[in-house]
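**Q** Chains as they are written, first to last, in numbering that gives the first Met the number 0: chain A, 0 to 127; chain B, 0 to 127.
Derived from the structure by calculation, the hints contain no laboratory data. Each hint should be verified, as a subset may be incorrect.
In this list, chains with the same sequence are indistinguishable; a pair is considered to hold if it fits within one copy or across any two.
[Unchecked claim] Listed below are the simulated DSS-like cross-link pairs for lysine-lysine, each with C-alpha atoms no more than 25 Å apart in a straight line:
| id | residue 1 | residue 2 |
| --- | --- | --- |
| 1 | 6 | 71 |
| 2 | 35 | 90 |
| 3 | 19 | 4 |
| 4 | 71 | 52 |
| 5 | 90 | 37 |
| 6 | 107 | 90 |
| 7 | 52 | 6 |
| 8 | 4 | 42 |
| 9 | 4 | 52 |
| 10 | 42 | 19 |
| 11 | 52 | 84 |
| 12 | 107 | 52 |
There are 2 protein chains.
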Amino acid sequence: MIIMKAKFTYVGIRVTNLQKSIDFYTKLLGMQVTGKGKIEQTKGETVSLQSEKDSFVLELNYYEEGSPYNTKYSVGEGLDHLAFKVEDFDKTLEETRRAGYRTLLKMKAGGGRWAYIEDPDGIWIEVF
Amino acid sequence: MIIMKAKFTYVGIRVTNLQKSIDFYTKLLGMQVTGKGKIEQTKGETVSLQSEKDSFVLELNYYEEGSPYNTKYSVGEGLDHLAFKVEDFDKTLEETRRAGYRTLLKMKAGGGRWAYIEDPDGIWIEVF
């Protein structure tokens with residue numbers, strides 16, 4: 000066994016509208032809100048989401064007007080994509096379209112299929 | 000129990016130099032390389048990293064020259080930060096400095112301490 004000195008615990012994405020993002024990740028991707036917080040120093044709000052109990056956390060980071068972190072928003076290249084394993088690939092894409100979100104790209108290789116959809120801020124979400 | 004239709008499985012970040020990023024995440028943050036792949040369609044390479052067996056995956060995405068995804072790189076605001084829980088906070092910061100990486104911000108609130116360091120592409124890494 001290797002002694003790990005650090006454990007990768009969560010990923011924080013920045014969102015520009017908390018409610019729109021909560022809706023996307025809970026209603027479309029079935030996550031649950033498992034925590035909320037306010038950080039005075041940054042004038043920020045956080046919402047934690049999980050697919051299952053004890054599973055990896057997706058943290059939504061919202062910065063209110065007047066926060067030094069409420070800067071101009073572009074998704075950028077740092078975050079390539081967030082990936083979700085889905086039970087029914089075709090149904091997921093159908094529900095995505097019905098809910099009004101864009102499908103950006105469909106891929107097929109080696110017996111597997113995956114597609115990219117766009118979250119409310121334009122972050123690429125891979126479903127596979 | 001709620002039936003989850005999707006499971007948040009990994010986060011992919013884009014990197015501009017695979018070896019530099021592998022060094023950062025394995026040597027400084029103690030992750031292990033658990034997978035490698037090439038995707039012909041995107042002219043891309045992926046490296047999967049994990050802190051522990053069966054834990055959440057950080058995927059490094061590298062696009063070679065000539066790939067349509069080898070676009071100009073700026074970290075952007077989509078990815079706010081990646082967070083790692085560390086055993087020894089002070090030691091981690093000391094090792095970070097010694098390894099030549101920048102500490103961007105130190106925070107203290109409610110009995111907790113956390114800090115942000117920069118990965119080789121400028122992605123903010125929270126250690127707490």
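**Q** Determine for every hint whether it applies to the structure shown.
**A** Cross-check of the supplied hints:
For the identical chains of this complex, residue 6 and residue 71 are neighbours neither inside a copy (31 Å) nor across copies (31 Å), given an alpha-carbon limit of 25 Å. Neither within a single protomer nor between protomers do residue 35 and residue 90 lie at most 25 Å apart by alpha-carbon distance, with minima of 31 Å and 29 Å respectively. Taking the shortest alpha-carbon separations for residue 19 and residue 4, only the inter-copy value of 20 Å comes in at or below 25 Å, while the best intra-copy value is 36 Å. Taking the shortest alpha-carbon separations for residue 71 and residue 52, neither the intra-copy value of 34 Å nor the inter-copy value of 38 Å comes in at or below 25 Å.
Taking the shortest Cα distances, residue 90 and residue 37 never come within 25 Å of each other, neither inside one copy (36 Å) nor across copies (28 Å). With identical chains, the CA atoms of residue 107 and residue 90 are at most 25 Å apart within one copy only, with a shortest distance of 16 Å there and 45 Å across copies. Taking the shortest alpha-carbon separations for residue 52 and residue 6, both the intra-copy value of 17 Å and the inter-copy value of 11 Å come in at or below 25 Å. In this assembly of identical chains, residue 4 and residue 42 lie within 25 Å of each other by CA distance neither inside one copy nor across copies; the values are 31 Å within and 34 Å between.
Taking the shortest alpha-carbon separations for residue 4 and residue 52, both the intra-copy value of 24 Å and the inter-copy value of 14 Å come in at or below 25 Å. In this homomeric assembly, residue 42 and residue 19 come within 25 Å of each other (Cα to Cα) only inside a single copy, at 19 Å, whereas the closest approach across copies is 34 Å. In this assembly of identical chains, the alpha carbons of residue 52 and residue 84 lie at most 25 Å apart whether taken from the same copy (16 Å) or from different copies (18 Å). For the homomeric pair residue 107 and residue 52, neither the shortest alpha-carbon distance inside one copy (31 Å) nor that between copies (28 Å) is at most 25 Å.
In the structure shown, a violation is registered for the earlier hints numbered 1, 2, 4, 5, 8, 12, in ascending order.
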